[in-house]
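Trainee: Its first residue numbered 22, the sequence shown is counted upward by one per residue in the working numbering.
Read the hints as simulated data drawn from the structure, not as lab findings.
Careful: at least some of the hints might be erroneous.
[As the list claims (entries may be wrong)] Below 30 Å or equal to it, Euclidean Cα-Cα: the simulated DSS-like pairs (lysine-lysine) are: (1) K93 - K48; (2) K251 - K207; (3) K207 - K78; (4) K101 - K48; (5) K269 - K207; (6) K48 - K78; (7) K78 - K269; (8) K131 - K48.
Small disclaimer: the values here were computed from a predicted structure and weren't measured.
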Amino acid sequence: METRTVFRTEPIVILTSGATVDGREIKSETVIDVANSYDPSVYNAMINVEHSPYSQKLGSVLSLSVQDYGDKKQLLAVLKPNDLLLYLIERGQKVHTSCEISMEFADTGKPYLVGLAVTDSPASLGTSEMHLSREGKQVEIFSSKETIEKKKPKFMESIFTQTNKEDDLMDKAVMEVLSQVAETQKQLLTSVEGLTENLSTLKGKDQGAAGGDTEGKNDQGAAGGNTEGKEELTAMQEKITELSSALKASQDSIAAMTESLSQFTDEQERHQADGGGAGEEELTPKNIL
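Model the full assembly from the supplied sequences, consistent with the hints where possible.
Mentor: Take a look at the structure:
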């Protein structure tokens, strides 16, 4: 039985308590509670691109833990990346992470990591940067300690900034999948056209054989050949039907993806972290950190 290798990262920093890039505050208690509450068998946090609900999934979060970082707390995650995430990391794209936290998950009343985005612009300071090693699909970790100006953007400014990023991104992974589906559709169409042409040729031969049988009905060889021709015709018609169905499914898939992309609206509304959104409307129970 063939076994498939499961790649996993070393623990990487996905969140650090304290001030965020946009001026919010992440409490140490939140970091600790998120680590303690996480259980992938209860709710598995999937990895996405830039918090987009339409992006391909890039893997999942296997486990969480906490470590001290001076007077702060850091949330560490072990990730299970799939080939799509490895592809992006190999090209230096989306090498940081951004947490999606439900502050009152289900009926627990505790914060919980419900998703993790890969991004070029993390909100939290000190998140790890991911790279692939030269040996292959082993994810190496580098700590990002860049000094970033802390500026809290106005609400509408942050919405439009995030939207522009999504418009520019258009999810390279999704576009690649669309390209692959389009190529498959092109190949299917070529196959259907070729089979249709062959079918027309066989039908012509079959009609000729049928005419020959009218003049010599007792010719068993001709009858046998005619039977084989009909079987070949039937098999080819079935193949054309099968390919036509696959082609339609491919077209439907592209149509569905296109519809989803056309509905790309503003990024999911943000819920301000504890104490950071005073005076502003709390939009959703999910924190993007």
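Trainee: Each hint: holds or not?
Mentor: Structure-based check of each hint:
no.	hint	in the structure
1	K93 - K48	holds (9 Å)
2	K251 - K207	holds (29 Å)
3	K207 - K78	holds (26 Å)
4	K101 - K48	holds (27 Å)
5	K269 - K207	holds (12 Å)
6	K48 - K78	holds (29 Å)
7	K78 - K269	holds (25 Å)
8	K131 - K48	holds (13 Å)
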